[in-house]
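Chain by chain, the residues run as shown.
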Amino acid sequence: MTTLLLRLAGPLQSWGASARFVQRTTENAPTKSGVLGLLAGAEGRPRDADLSDLAALRFGVRIDRPGSRIRDFHTAENRDTGRALPLSDRYYLADAVFLAGVEGEDTFIRRLYTAVDAPRFLPYLGRRSCPPSHPLLLQDNASLSSLPLEDALRNTPWQGGRGPLSHRPPREQPPAELNMLLDCPPQDTPDIQLRDTPLSYNPSHRRYAMRGIQARHATASAPVHDPTAHLRPAPTARHDSPAPPLATDDF
Amino acid sequence: MYLTRFRINTSRSSARALLASPQRLHGAVDMAFPKPPPRDGNGPRVLWRLDQAPTNRINLLISSPDRPDLTHLAEQAGWPTLGTEGWTTFAYGEFLNKLAAGGEWAFRLTANPLHYIRREQDPPGSPTKRAPHMTVGHQIGWLIKHQERAGFEVLPNEQAPTDNDTKADAGAEEPPMQWRYQLVVHERTPVRFPQRAERSKSRRETSSSPGADVRFTRATFDGQLRITDLAAFRRTLTHGMGKSKAYGCGLMTLAPVR
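Chains as they are written, first to last, in the UniProt record's numbering: chain A, 1 to 251; chain B, 1 to 258.
Here chain B stands alone, though its shape is the one from the complex (with noise of 0.2 Å):
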């Protein structure tokens, strides 16, 4: 496994519009591997995100079995002399495998939280449909929920409330969701993009359907956590957690906690 990380050029053109769709930044990802890795949804995949980085950088991050090339991406949206500071390639896979369980990690994973609910007017045993998490009680829920299955505990928040704000608070009975863990989300967007970007006139007319935007909720989670199955814990950073990972979701990177 190889993590990669590549700063983009926002000032060019190019950069921009692959900034602004997730379909072209997805199409450069792909193009970064000679080889595509097999989608039969077993081995590991390509998963990438946009960071923000302090001082104003946007960093490109992949997480890939194979080594990428992202020459053709330095060309048209980074630095082509930059070096190393312009795109580097990590052994991923040795940080992997030290990995052991009941280690404390701070992560940052984009995601698209979401459930499958059955509207109240749509006929009872009618298929459910995919829902969006909007509020950020509903989004910290969605992740608290699968944590579990994904092979780690997000931290909880142990600064006890003082006397003063538990009178404060005691009308409810028990604190909202976002206070109890050492979680925050950031970053809730919801993205919308035609389905083809460079799609024809005369194709747009012929295949016009009403609804064939792509539409899904992003949100960033930055947190502590720890490790409690190993093994299920590597196949969530390796293969990702949640729905629209081709676009820029589900990616989950490991910090030092400081």
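Chain A with its partners taken away, still in its complex shape (with noise of 0.2 Å):
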């Protein structure tokens, strides 16, 4: 088994789930339709082709920087007809940096990664209008892990910072805990359900089946200064007991 990496980060990002007519929601996370179809799209899948091999891979969702819910009142006319088309509330994610990874059988995807490296149709972050602002393959080959996605998600570092170039520092601390949303085993009760598993992209007709959800957190991997987890408790003053020695050394 082999896990593809994916870096979502852009200005606005919009990913539906439950989306439907005037009310263009966004999720908090990517959804699974969202990132497998920007890969059937890099591998320059026709909107109406079999989409099976790719909605069997394993997928989950780090949310490396939340980011903050925008919401655009969206007025447009028909440029031939000049009548306004439905006015629509179209929701996004304002500066928000994800990791998705997708885990599947290792050609399946080394091919999926080259497709990402040349992609067929360019890809974007859930809308057509929210291009990406980094290369969505990681640095170094760190796109491409041998780890199960879980690890793999874990052991990647945190890409939340605010350094738009690769050799920058982030400026900021990472925070303690990140969230991860992870495609929930047969056996187990998902934390979540949502239907966002894509049976077919055609535009007549899209279908989407139900996806359980588990939620899992992970600690960023840039460390928290805890100045103290490497000390030993100083043994408690006896009152018998004479000054301890230390408190009379010279520094």
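The set of hints was computed from the structure by calculation and includes no laboratory data.
One should not assume that every hint holds.
[To be verified] Footprint (simulated), chain A over chain B, 3 or more residues, beta carbon under 8 Å:
(1) 1-13
(2) 79-91
(3) 94-106
(4) 245-257
From the three backbone atoms N, C-alpha and C, an ideal C-beta is built for every residue, glycine too.
Both chains are sitting in their own frames, so use the hints and assemble them into the complex.
The structure is reproduced here in structure tokens:
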């Protein structure tokens, strides 16, 4: 089994799972259908192509920077007829960073990796108007991992730092814990359910199946400064014992 | 030497009063020592710092030559029955004894970076004045300037820029100060408070001088260092670095590099 990791970072992202009609909402994290659609597009599959191999991949996402939700009151008109299109509210995640991973059979994952490296259709973050601001693939082949999905997500360094170029150190400290949302194994009870497993992207009839999700936590790999973890508690002072000798050291 | 970690109960109003005033917190730390340490400037001194820990905890760290008794503080601003999780004193001296030159450590230092200047309008030869370093670049420059005398060196950032990045940066000759070291500066705050917090009204009226406020700039450095001069470094850890040591600056702590 091999895992492919993608860094999803951009000024705006929008990952709809239950968005219908004029309320185009977004989930808090990338959806399986959104990321698999990105991979299918990178491979150049047409909209009505078979997706069963992609949908069988195990999917998980780590929330490195949750971002903030913003609403766009959307007005548009048909250029040919001049008639206004329905007014809609479109929701986005601003300034968010995610690490998404798919786990599957080795040759297939490597094929997806080369496809993302030179995509046939341009990738976007959930909505066509949301281009990624960083390369999707991590540096130094870190995107391909031989670890299982959960370990690969845990072991990858935090991507949420603000430095736009790779050699800049992050300006901020990572949070102590990062949230992860993983596909639930069939024998377990899911924490959340979402209708975002793609069955068909055919624009005339898109179809999605339910997906069970487990919520997990990962510690950010950049360490939190704890100056006392490696020290031994001082023995409690007894009234009959003399002052401890260390206190009289010359430094 | 002892290092003490005290967890502050931020939902108590007396704790918030302490957090709001470095002056009061200085007093509270001072009260933790039945025998005040000598103030002649030779021996190790009491240093303290407020540290933001994960899950919104605020810790008070105290490094001191004598063992502090924080019972009064636990009753005022902590959890009196929490035991060692509320406050623990660690054997710092044995850790300092085990330090070796060349060792690499992750460090955190809250300090007051400043320099001495003579402004243009000042007459030549007049005494110089303290002026705070306000920008990230200047504050890192302050630490780099004082690192040799303090007995350590901040590790350089060895991640070489890739080709694309060098092209993008072609205009600048060398990268800015903050990219060259494994160092982050955060919580850069100007601090200002009246010199006597509990001053009575009549005294304020009689001794009203407009410059009576205490003002300094505080910055927290997180990074990685290598010990170069062991004796000087031990002195840095126990005597503090920079100014405003009474008000929560100058304490450097170490943690293993992960």
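Per the coverage rule (Cβ-Cβ under 8 Å, at least three residues), is the region 79-91 of chain B covered by chain A? holds (count 5)
Counting residues of the region 245-257 of chain B with a beta carbon closer than 8 Å to any beta carbon of chain A, are there 3 or more? holds (count 4)
Three or more residues of the region 94-106 of chain B near chain A by CB distance under 8 Å? holds (count 5)
Can you confirm whether chain A covers the region 1-13 of chain B, using C-beta to C-beta distances below 8 Å and requiring at least three such residues? Since 4 is at least three, the answer is holds.
Figure legend: structure checked against the earlier numbered hints; every hint is met.
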